[in-house]
Every structure is written in C-alpha cells, then in structure tokens.
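Visitor: Build the full structure now, drawing on both the sequences and the hints.
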Amino acid sequence: MSFAIEVPGEASPLSLHELFRVLQAASSYDNSQRQSAGQQLSAWESTADYYPGLQAVFLDKTLPSEVRLLAIIQLKNGIDKYWRQHTTKNGIPAAEKHAIRSNLYEGTIGEADKKLALHNALVVAKVVRIDFPTDWPDALSRLIEILRSSKDADQLRLTGALTILLRVVKELGTARLRKSQTALQSVTPELVYVLGDIYDTKTRLWIDMLSTGRNQEPEAQLHMDCSLIAFKILRRLLIVGYEQPHNDKTVQQIWTFSQAQFEQFIGYLGQEHTIQSAQMQVIGKHLMQFTKLHVEMAEQHPASFAALPNSIELTRAYWNLVASFSEGYDKSGGIRQTSSADGNQAPKTEGPVSEKLALKGLLLIRACIRMVHKPAHSIKYRSPETKQEQERVISQLKAELLQDDLIIQMVNTIITHLFIFRKSDLEAWEEDPQEWEQQEESQGNAYEWEVRPCAEKLFLDLLTYYKGLLLQPLLAYFATAQSPQADIATKEAVYTAMGLSAQIVYDEFDFESILNSTVSADAQNSVAYCQVLRRRIGILLSQWVPVKASKTSRPIVYGIYRHFLNSQDPQNDIVVRITAARQLKAVVDEIGFDGEMFQPFASDVIMELVSLLQQVEVDETKLAILETTRSVIERMEFHVSQFGDLVLAALPEIWESAGDLGFMLKQACLAILQTLVMAMRTDSQRYHAKILPLIAEACQEGTELYTYLIEEALDLWSNILLQTSPPLSQEVLALAESAINGLVNQNEHAFTYMNIVGSYIMLAPEIMLEDRFRPMLLSALSASFGSKSREQLGVTTKYTELYMQYAHELGGVSGLQIVVKDMVQSGFLTKILEGIHDAYEAHQTSGPKRRQPRIGILTLTDYFTVLSRIAVIDPNVFVEVLASLGPLEQIWQWLSAEWFGSFDTIADISRQKINMLALTRLLELPSPVQELVLAKLQDYFSMWTAVMVQLLSDEQPGVDTLVLVHEPDATDWDTPKDIRERALFKTDPIRTVQSLHFVRERLQILVQRVGGEQAFQADWAANVDREVLAGFQALDTLQNSAG
2 MSFAIEVPGE ASPLSLHELF RVLQAASSYD NSQRQSAGQQ LSAWESTADY YPGLQAVFLD
62 KTLPSEVRLL AIIQLKNGID KYWRQHTTKN GIPAAEKHAI RSNLYEGTIG EADKKLALHN
122 ALVVAKVVRI DFPTDWPDAL SRLIEILRSS KDADQLRLTG ALTILLRVVK ELGTARLRKS
182 QTALQSVTPE LVYVLGDIYD TKTRLWIDML STGRNQEPEA QLHMDCSLIA FKILRRLLIV
242 GYEQPHNDKT VQQIWTFSQA QFEQFIGYLG QEHTIQSAQM QVIGKHLMQF TKLHVEMAEQ
302 HPASFAALPN SIELTRAYWN LVASFSEGYD KSGGIRQTSS ADGNQAPKTE GPVSEKLALK
362 GLLLIRACIR MVHKPAHSIK YRSPETKQEQ ERVISQLKAE LLQDDLIIQM VNTIITHLFI
422 FRKSDLEAWE EDPQEWEQQE ESQGNAYEWE VRPCAEKLFL DLLTYYKGLL LQPLLAYFAT
482 AQSPQADIAT KEAVYTAMGL SAQIVYDEFD FESILNSTVS ADAQNSVAYC QVLRRRIGIL
542 LSQWVPVKAS KTSRPIVYGI YRHFLNSQDP QNDIVVRITA ARQLKAVVDE IGFDGEMFQP
602 FASDVIMELV SLLQQVEVDE TKLAILETTR SVIERMEFHV SQFGDLVLAA LPEIWESAGD
662 LGFMLKQACL AILQTLVMAM RTDSQRYHAK ILPLIAEACQ EGTELYTYLI EEALDLWSNI
722 LLQTSPPLSQ EVLALAESAI NGLVNQNEHA FTYMNIVGSY IMLAPEIMLE DRFRPMLLSA
782 LSASFGSKSR EQLGVTTKYT ELYMQYAHEL GGVSGLQIVV KDMVQSGFLT KILEGIHDAY
842 EAHQTSGPKR RQPRIGILTL TDYFTVLSRI AVIDPNVFVE VLASLGPLEQ IWQWLSAEWF
902 GSFDTIADIS RQKINMLALT RLLELPSPVQ ELVLAKLQDY FSMWTAVMVQ LLSDEQPGVD
962 TLVLVHEPDA TDWDTPKDIR ERALFKTDPI RTVQSLHFVR ERLQILVQRV GGEQAFQADW
1022 AANVDREVLA GFQALDTLQN SAG
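Each residue of the sequence shown is one higher than the one before, counting from 2 in the numbering used here.
Just so you know, the hints here were simulated from the structure itself, not pulled from any lab data.
A couple of the hints might just be wrong.
Derived lysine-lysine pairs resembling BS3-like cross-links, with alpha carbons at most 27 Å apart [claimed, not checked]:
1) Lys-799 with Lys-987
2) Lys-468 with Lys-458
3) Lys-458 with Lys-357
Guide: The following block contains the structure:
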C-alpha cells in the first residue's frame, strides 16, 4: 500500500514513519505537542490508508507500547465513525476494510501485553458486529479453527482466541438487529461444543494439579484462566444463543455439569492454606460465573430454568447458602463496588465469596417468585403446546419449591438475620459519617450488588404474594419491639421490616398505637448506640406517614423529627440529623400535611435545616436537604414569612460552593428562592437586593451558569415580578434591558422572556415608555411576532395592545403617536402590513398556481388586533400611519379586503368586537377616508350583523353581553400585576362600549355628512344587498322595541 499521499489543509503527508512520529507526540506529556498531534490525526481521518497504517503501527511489536496503544484506540474510534460506509461521507473503502480484517486476529492472538490484546479484541468485536456474516462470513469459523488447533498447544494463542471470542459474543449478544441475533444463534451449537471441550479439558488439568499439590506450577494458573474465559463465553451463549435453551441436550449437559462443579468448587473455599491467593480468586470467579448463569437463566428464560435438570434442587441449595451465610451476617464486611481502571470493563465487586454467593441466592429466589407470580409477557410467537409445557414446568416449580414452610423460613431468616445492623456498618458510620450516610442512601436500592437491599426486595415479594400466610407471624414479630428485653439491634431490625411492609399491612396493623407507645419512647432513648435506632425511626416514619397517619398522630411525628434535628442533643450525630432532614421531605409532601399544625415545629425545624446545610460536606446531601427545605417552605405557604431571613442568610454560601454538583446546588437555591417568593408574596420584596444579583449572574449568555440555570433563573424572575408592587425599584428595573434583549434573541426561552417583558409593561408602563426603553422594546415585540408558537404569539399580541393602551392613558393622543411612530420606524408596523399584503396577494391566486401566504390565518388575526387597538384609540393616528406608507386608496383596497375577510377566522368574540369597533371608528373621519368607507358599506353591514348577533343579549335586546355590569371582584390571591390588569380591563372599550349604540351613532354621523337619510339611501345604501340591510335593521328594531 502507498503511504506518500498529500492531504489538503494543514495536514502533513501520510507515511508510516510520520504516523509513528505523530502518535508518539500524541502520547507526550507536553500539552502543546499532544494538541498539535491530535489535530494532525484528525486531519488524516479522511486520508486513504490512514486506518490500515494505524493497524500496521499497532502490530509492530518493536514500537513503544504507549504508541501502539494509541494506534489501536484511534483505529477503534475510526471504526465507530467510518466503518459503516453508507452512513458517512468519509467511510473507509472496501479494500482497506479487507486489509484490516485480514490482520485483526493477529493483534490479540500471540500478543503478550494483555491491555493491548484486549483493545484489539474490542476492535475485532466491533467489526464482526457490523460485517458478520455478510462481509466477513468466515469470521467465527476462523476463530473456531484457531481454538481447536491451540487447545493443546500454544496457551498464549488459545488465551488470545478466547479473549477475542468473549468480546465478539458480548457484542453480538447485545445487538438488537435480528440479523446479528440469527447469525450468532446459527454458530452457537458449534461454539458451545468447542468451548465445552476446552473448558472440560482445562478444568480437569487444574483440578488435577490442585489435588496432587502441583498448583505451584505456572501452567496451573494458565489453565485456570483459560477455563474461566471459556465458561464466561459459554454462559453468554447459553443465554443469548438459544430461543429455548432447555430443549438442547448440550445445554442440559452443561447445566448439570455446572451444578456439580458449583458444589465441588464451593468445597475449595475452606482450603486457603493449600491454595494460592491468586488461584483462590480465580476459583471464586468460576463460582460467580456459575451463579450468573443460573440467575440469568431464571430471569431471561424462566420456563427453561424450570425445565432444566435439578433446577429446584439447585434453588434449595442456594437458599441453604443464604441461610448459612445469614448466621454470620452481622460480622460480614459487606460487598463493595470498585470502578475498573479500564473504562471498557464493568465495575468490580469486592467482598467475601460467601456473601456474593448469598446475594446470588437471594436474586435467584426472587427470579423464581417472579416467574411464578409475575411472569413476563413475550411478543414472540409460541405454539399452544409450548405455552402449555412452559406453564406446566413453572407450576411444578411453584408446587415443589415455594412451599409454606420454606416461605416462612425465608422471611424469618431475612428479618432476624439479614436486617441486622452490622458491626461493619457501625465502623463505617464512625469512620466517615457523612460519606457512609450518602452511600446508604444512594446504594439502598442497589439490590443486585448488596445483600441487605436484595433481602428487603425479597421480603416485599414474599409479603406481597404470601400475605395470608405471613401476616400473623409478621405482626407477632412487630410486637417484639415492645418487649423491655428488646435491644437496639433487634428493634432496628423490627422497625426495618415494619417500614418496608407499610403499604401492604396498613389495614391490619395499628401503627398509630405503637407510635404513641413505643416508637416515641424509643426516639427519646439515650442509651449507647441509640443513634442507630434514631436513624431507623426517621426512615420508618417517612414510610408510614404517607400511607396512613391520623391528625392526632402527625404532631407526634413532627415532634420526633424536630427532636432528631436538634443539634444540641449529643445523641443526634450528623447521620441522625441528615437522615431526619432527608426523610422529613416525604412527611411534608404527604397530602394530609397541614401548615398550621406544623407551625409550632416550623421555626426549630427550618433553623436546624439551615444550620445543617452549613455543616454538610457532601454535595448530594446538601441537595437533599435543600429539597426538604423547599418542601417545608412550599407547604407552609404564608406561614413561612417569619423564616425568610433565616433561609436567605444560608443560601449565599451554598451558591458559591463548588464541586461536581455545584450547578445542581445553585438550581436548588433558585428553586427555594422561588418557593419563598411565592409563599411570602409581596413581603418578599425586601429580599430583592440578595436575589436579583443571582438572577443577573445566571442570565449572562455564553456562561456555564446560563447553560445550567437559565430556566430556573427566568422562572424566579417571572415570579418576583408577579409579587412586586409598583413602583418598581431601581434593582428590578436594572434587569429590564436584559429581558428585552433576551426577547429579541428569540431562543428557546422566548416565551418566558415575553411574559417577563409583559410584566414590566404592566408594572412600570411609564418607565417602559421612556425613550431609553421604547425603541428596543418595540423591536423585541416585533421579533416575538416572528415566533412559530401560538401561545407566544397570543401573549405578544396581548402585551402589544396593553403597551399602546398605556401610551394613550399616560400620554394622550401624542403618547400614542410617539409609540406608533416608533413602531413604523422600527419596522414593526411595516412587518405587519407586509404580512397582510402578502396574504391578500396569495388569496388572489387560484388553481395550480395558487400559493399559501407566508403567515398563517391565526397570526393574521393577531396583526389585525394590533391595528384595531390603534384605530379604536384614535382613528386619525391609524390613517396617518397608512398614508405614511403609501397611497391610502391602494392600501385600503387590500387591507380592507383582508380585514373584513378575517372575521370568519376570529374565534374569540372579544377580538371580534375590538376589530369591529376599529373599523367602525373610521366612519368618523372625513374625506378621503369617508369615500373609502362608503365603498365598503356592504362589508360593513355584513360584519356588524355577524358580530352583533353573537354580542347582543337574548334576554335584553340590544344590550352588549361583554359590557361589564359590575366591577370584577378582587381576590385574596391577586398579585400587583393582577390588580393593574383588572384596572385596564375595566376601562377597555370591549368592556365599556355598547356595540349597537356605538355603531348606530357613527353611522348616523356618516349619514348626516353625506346629505341626510334620503341621500344616503339613494346614493350609498342602494349598493348594499337588501338581505344584508334587513339583517342589520332587525338588530336595530330589537333595540328600539326594547327601549
């Protein structure tokens, strides 16, 4: 292949030597070298022979390992991006793919460096997933040949081949395409046969070495490693390689063999003095592979698990392991998860093998209970015979395994042993209280990794499906907590079971009685290790109160939490207080929570929550306490005013805190502030000096804060304006320009910005009408009219109307003229009229050449509503605008056509009325408008009749139903903005003008100006259809008869 190719741009010519040099530079400790080399590698990605070149560098074992590693990583990334040629323009050519495939196995088979071998195996797996079987049909058959030829020969080659196959099976096993699944299933029988042979051979060899004392020989470790990898692959193939594994004889044999070896290998666990530590670890890994096979078969192929040989006996054996382990559970150190140094591998679990086996036993029993009581529904076709057979074997498992005595034994073992608070838990608590508390909270649901959470899940499963059997024994167990002889550990276990079962036994168990008598007394207990019990009681109450709590019991619960949060009590260490703070949220969020009932406790609780926030070091915990604080504030509503100062004093320090969750903490701060503002309403204005700078900081575009906090900041800003009484302070007004600029940008937050700008218009109209704000505000409103959102367009129209109303109210006709002039100069009105004109021209087209207007029908009605407001306030100003933009007669021709035509599409009767009033006011004007109006009399009479038929009352003919009869009632929840809006509402012509009287009055003025009734009838009314006139006259007749 050629490596002397010039590439465009800044890239250097590609050659093997140059590629090696750049890869070496990319591995350098010098940041500038790495950056430059990275740019060069990126430039080469579209260059011919770049990826075969990377493979050539990787396969050259004379080169430094760090260079080879980077080469294979670059190749892997390239496969992700460019191997599927049809999806990318820089796809790797077929010839280069073929060259790469031909050398792929060589990169792992025979490679001594395990890390390099693994990375190459990952590359192979990715290519196989894409190309097998279509473009690489012999991919797996070649591997099988290598496995067969190296089984008894070169162990390094065998290990390499197994490493590749493991990664390939993992990759194909996770594929969702039916093609990949079918391809894997087609080669599974042969793979299982070959791997079974390798596993059997290697296992026999290392077992023989152990039994004869030759386990010190290096070959023993090699044989163990090979057998482990082989079974890892077998396990996956048995699960993903068969539709119905139990029907395959080879699967049955391996299943039986795995049980026998499972028992045999467990026997090795007590021989640490004769077996090396590394070998004992591998034996433990073999056991874990067996357990994974058994659990995965039960979970993914439940019917096959039930039908496979000795599965019921196997499950009983697992339970015996659990029961045996439970005897010493209180002394166990637990299982820990550790992150793998290799990002491609799953996290590892560390801990006693006996505990890991017990965990798998609990998972297996859970799977058996689910397959019996909650079977998964499959979308795959199953014949009636298959369904019947699957139901039979599962029913048999239920009858033979899940018998009453075993169920009771399981529950007894769980609640008396596996719910016990261990010595190792106490040691971890004392060593690092905050970290332990956080781990308990975050890993409490990690039932697949820890015994106690898994035991809790199994306990709930058993109680759910066997409640009738277990209820009385369980209630008797609960009663043991009331015994004077019960120690802390016993009570902690009882309260654990009591809390978990709350949602199942609440009708049969009188929790309130034990709360009053025992739990409340235990909460006051100050004996040694009472902190353990206090923590559990805090959790217990959060589990029971949302399920069942009377009004009389709630004050007791609130008092207990106040007691646990008390930092002056030496028994309340940081764990007790954090737990109480966390769990209080569920109690406060409960639907029956009463702010007045909580008020006697609120001061102490909020003070302690705020104090605790300042002591906690773990960000996740701070976040949880902030959420509880927010819930308390939210549920206390107006009762919280007295605590505002306390909360505000603590937030600045949290706002400034750094860490991985810094932005989440800031989000929580803003959420609390918003809740506080809404609860305190206008009283919150005294905090503006502290809150507004945070909003300003979060709303600075281009910053990280903006990215993470803008939504919360805008919501808080919007609510602050809702709860601010005019006149607005300088601090609030200082943010107005930022809001206007935000609206101009029309990003995803435009709707919120529009509401914020609208609030400024309502609360400070005189300021927003000043020269410094008016032009930019009108430009922002104009930009908002370009939105595709109907909701935003509706709000924009509303505040544009209000802005013009305020201009007239505060400045009279001259005030309106100034605003309208700016609307013309900014292009606002020009944009509206151009949109209307485009709609008119589009409506003149028909047939195949008909085109759609640029703006929709509903947007067109928004435009006419804005124009109507101008004309209703002062028709002269409106006509002046039209005349300034062109010949009035020409503009009126298309404008009136669209305007009258729009009434059919205006659903809101209030909008119909304002448009009708606007057009009617034009009747007041002399020539040349008079002649233009008279030419449209047919449209006028039709419009008047159509609108007023909807407006006029049936009970009181001639009376406009939109006119206010009495003032709108004020409410206790009115905001300052609501009050302002109601004041405008009361003076709006829509609510004050009697339509029929208004129209008749202007029509009479027009009639007199053209020479009286007779001249009007002869010269103008004669051009109107009789039916149209008759319809209008009928309205007039109704009003006269009513009068």
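Visitor: Run every hint past the structure and note whether it holds.
Guide: Status of the hints after comparison with the structure:
no. : hint                 : in the structure
1   : Lys-799 with Lys-987 : holds (16 Å)
2   : Lys-468 with Lys-458 : holds (15 Å)
3   : Lys-458 with Lys-357 : holds (16 Å)
Figure legend: structure checked against the earlier numbered hints; every hint is met.
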